[in-house]
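Asks: Mind docking chain B on chain A? Use the hints.
From first to last, the protein sequence lines stand for chains A and B. With our numbering, letter number 197 in the first sequence gets 197, and the count goes up by one each step, no holes. With our numbering, letter number 301 in the second sequence gets 301, and the count goes up by one each step, no holes.
Be aware that one or more of the hints could be misleading.
[Stated by the list, open to error] To give an idea of the chain A side of the interface with chain B (calculated C-beta under 7 Å), a few residues:
id, residue
1, 70
2, 103
3, 112
4, 114
5, 178
6, 219
7, 224
The hints are simulated quantities; they were obtained by calculation from the structure and are not laboratory data. Ideal Cβ placement from N, Cα and C applies to all residues, glycine included.
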Amino acid sequence: MSSILVWLSFLLTVSEFGGDSRPPIHASNPKRTFAAVYLVRGSVSGSHTGNFGVFTRNGNDTTWTFVNPSSIIAFGLGYFERVSTRRHYIAAGNGVHRSTDGGTTWRILTSWHTMEILGVVPDPYDSALIYAATPWGMYRTTDDGATWELKDKGTKRWFVQQLHMDLRDRSTLYAVMEDDLYRTTDGGESWTPVNVGGTYPQVVAQHPVDPSFLCVGFGDGSIRCSMDDGRSWKRAGEVRGEAIYALRFSPDGTSLLAAGWRTGVWRSLDRGTSWAQIWDNPAVEGVFDVAVDPDNSRHLIIATDGQGVYESLDEGRTWSRAGLMGAKVKRIEFYP
Amino acid sequence: MRILLLSLLLWSSSAFAQDDHGYSARARHLLEVAAGETETSFFSLAAKIHLGRDLPRAYSILDSMERDRSMGGRFYAYTLIGTYLHTRDMLPDSLKRKVREAFRVRMMYRGDTENHWVMYYTGLYLAAQTWPNEDGTRWFNGKTSEENFREAEGWLNHWMTITSTIGQGEFDSPTYMTVFVSPMFVLYEFAQNPLMKTRAQAMLDLLLADFAAEQLDGAYCGGHSRDYPDDIINPLAAPATRVAWLFFGQPKEEKWDEARYRPRNRGSWETVFAALGSYRLPEIIYRMATDRTVPYVHTETKRVRNIIRFGDVRNPPVYKYTYMTADYALGSLQGGILQPIQQHTWDVTFKSEKPNNTLFMLHPFFSGRELAMFFPEEIKFLAGEVDRYHLVYTNPNKWNSSSPFEQTLQHKNALIVLYNILPGEKHPHVDGFFPKSLDERIVDGSGWIFCRAGDTYIAFHPLKPFEWIEEDVNWRLRSHDLKNGAVVEVGSAASHGTFEDFKAAIRSTKLRFDDFDRSLTVEYVTSGGDHLRFTYGGKRLVNNRPVDFRAYRLFNGPFMQADVGSGVITLRYKEKTRTLDFPKGTILGN
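Next comes chain B alone, as it looks inside the complex:
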């Protein structure tokens, strides 16, 4: 009896923790909203069937989707099996047979990116598990259930291993993170192998902790591998915000309309698989996401997407630095081509009720050679293809770009970004994004541009002459010098007092770049007294000590620690720890 009572107590304590912070209410709300969607997707279908809403129509939609032979591929593979597994007890046998048939007659094309393969192999793993012992004639790829299961298992384990040892390739993407976590929700829920289930749970913990450490009120801050311009200039419109809202309760209000206006609003509903499932965010990750009482530096090592041409190393390291406060985050990658097409190298993201709560600068670079580093098609052919899919690749006004002519040095709340653009480049300019939603934007006689957004203050010093171009939601700072750059320091009411105090402090800092065209060197002493000296293509010095990227750990900060290559990630909040041990396949701690 005592044991039973103790068990009940533990269970109720656990259940309380799971429901804490409003998660269950938000999950229910998400399902309600998704179930009411008229857009046809497996997510809205799963929500409708789960809630028993308008079942005849839901079945009819599922039936029509099953009849649509033009659908297939990795998105289809994991969403179809996820929907099926979540709803199969309620599906008529005829629909069950059609779902099964889909895995025979549809080409579940694997795609060519990391997120594609996660979706594809998750779908294949669960499908092969669901329909075991069937021969190759029963599968779209001619392989047996056993062959498909082993292949999917092999790649999923490989992906988990490299992600936990050398980092993700498509890391920290406000758009794409949902198509990593969503398959993992399904895998965690339905993998019958206990080890795979635990590894899926550990991957969810890892991906969500990675986000938690760098999120501010729902925005995924700093540099990231890839994203679309709409999400880069308006961080709270990105699908990652739906994840933050569901798990962290930030932002407090979900702006469904912002999700709906997007042509790719698919990314907004993938959290439905979380809401349908049993994964619960560990308390420690919730605290990591929401405690911003003490500013902190968080660094990470990630990896460059697979380089297939024009490189000496297949996955060179990416070094990421983020300084997080209660009001803003300043974050950066080291610069250079780390991802094709959609890279976002650095930004200031600030807490705001208004849209477009970010500020950054870039060089809009494009080349067939860059694409050929990552894609196997012919070089001349590639730029047009990518322009077709990603719409803006060759556009001189684009807001996402990797550039081989951009490098950064960041120390806490200060950043120097330098450009050394090759003569003859097709877009010989750099652009700064200054949102109109800033409360103040002042071009100061000192050469600094002072911005205020609520309690966040931003000082931005262009190194070269510039012009302002007014656009819909922003002012574009454009500068045409090939040797170029900017110095940025960010403060807040908490650190600097009033905006006037901040401006005065910045005006009194020391900034030297008078010989920049020859030396490509900038020296800056921050308002806090830190001495930064940065030479493009040369040394990065902070207080006369060189920055050693090779010393970067996989994660290093108050909330996360891991060494490159170990596969063991420690999450920490005050006295609590949680250890994700991928080699052992265990999760230890709270």
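So that you can see chain A by itself, here it is in the shape it has in the complex:
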């Protein structure tokens, strides 16, 4: 297993930023898989609680270790790394959590002004610059969480399901909102709808090799893609299911994976034109994420609603349970 690559999108962003040098990476750090667990079945956050929040494991272990803070509803994960700094982030129901010591201690960076945090996107160069997707809009801090500003100029609604930073330009971000996919090219100062069409966008993915190719999954189970940076969109091939919650490209961009509500997991090898189902389990209604190991694109992990995680080491031909049984897992990431 090769050593660490950070969050895939950051790596590619860095490599293609004109004029910027690529941030040094701790090549010696072993890679871990992180799982954001929303809840464990039967547990109620805030009363008698189960261990939910963030779990991690090394390599291909099936044993997961609980990472503090305990008993938080985790929606997403984030990571920042520079020469002397590594920071893990959790987007949680009670705010943005940040650890600077690999997950031993955490600090909540947000205050009462924000509600749930549905996604966190740290800038890859400036550790003080962090974006957060919330039900009441996109918030941004430029002082490492001391203060946060709502950045919603140009948006028509509040709800931001997901934030995605463009792989070429760190001041360009996409916000998946209730009514459309929005884009900012000035770090959130103003937003413009891209007129993606479709009903209720849920998730956006960007091709890692051809970043002008974007795909959006919708709450009605459809997928729409654009080959021209979002200027025009057309419906992708049919994926059987009720809603799309996850869209991910493999690191080399050869495959596009999709999953959601009553979909199982699907793969397209032709940029969404045709799809083949690679995993299904009638007992599992929802798949929230499907992650591809950045070092080994044959290695896939899927995050399910209440059935923990499943794993394939052969590009989805065979699958096995990989732990966290009973957990509703929202997000899988590979971080140092």
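Replies: Then chain B, alone, in the frame of chain A:
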């Protein structure tokens, strides 16, 4: 010497007023009962330690609760600090250290509702005040004492401001009101900042006055934001009744067993923090709660819970109307989705010694989209989650529901409720709750259903054919027409004489709905001569004048007045007034 005597006189007068109406005896009784509870809770613990009952066992329970790492969150945050502050003089140092440690190692998760945040930030405020000048390594969230204190203070002030200007979101809930007042009892008791202490007192006055104006013999009447079916169909089993018993002396007997059978009996003991504290109900609120000599109309503006999706306004207004008499109350919200999952739009609640003293109708609606208006998770995922927590959300027989297909018009003792259910809805019916505890239930040839409960008379006219379904404690009136509704008029021996007189009066009223399927319009002239005309999705007319919800004040009635946005609430009883001025942070008057 004269000053001293005067002071003593004033003090004794004040003490007499505080102890008046049996409050102190009830508070003592509450502590005795709670101290004897075997259920493990901070409330029973606080009562045990306060009364010095079986202290070794009490300490042992507290110790085990402190060792149970699975506990945390907002319920834990404020009850732990409340128990600690009430009992710390009696706690061994080892337990004091464990309580302190809990705020370092436990995640005091904030939750996602208004009551969650009140509990969380009250707990955080008092904890940060109790252990000041400590760095982030000493706190569960990595923030310093000062940061935690300022954040908690900021949100509590924000909540008090919006509650006193545009209304509560989780308003008037027979279950949840206890988790608003209980943190405020603790905050009032222990906040060292005089301004925060006064604001906590003003919030207690406001919440209890709000309840007082709409309570009848311990039951929280009319529409409310959210509650569980068990409490909706049996109002006197709800935790709010424990508050009414303690402060208003109503009902006269506390039915502890009704509290104990409930799986969520936690709500029944939260008044322990009141009984342990020094807050005393102002006489004016006691009078508001107990004087029902003159029937009155009381209206309120509240706010919809935070809408995060599928809405144009974050907190649209809720308009609430309650008609209160000595025998019954008829109350309603305007209809529509005002709260997810647990809304109760209207009811008649009547004074009774028997259980299930209420009657109402609803459309059992559910949808992922409704939930997604208020919760951030994926739509398809939400209905199952909420069903798991609230047990009945998707059930066609549920007794709590908000429906986008329900609208009301109320004028005094009469109400028209209309439904225009979209074809294809999963539950295409409406249900009426008629308790078996009614003394009489007569389906009259005139089309009216006449009910009697003691001295309360209820006339209910369904607009469409219906069937009766017998259930444990009630008859369910079910009607399957999508365009549907009912006309309700309530009377009593005091207003209408005998039940026969009432029936005769109702039979002689004018009710027109013959073109309802096309016009969705009902006209009704009440037995008192008031002319109501209501078109679903159209005008609400009372005596040919349109109802103007925009003119609703925050509170308007004989006992409470306030304008939306002012933050100044005036409580009134006869010649006495008490003014809660939130912007100034003052309480003036009796």
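Asks: Hint by hint, which ones does this structure get wrong, listed from lowest number up?
Replies: Result: hints 2, 4, 7 break, sorted rising.
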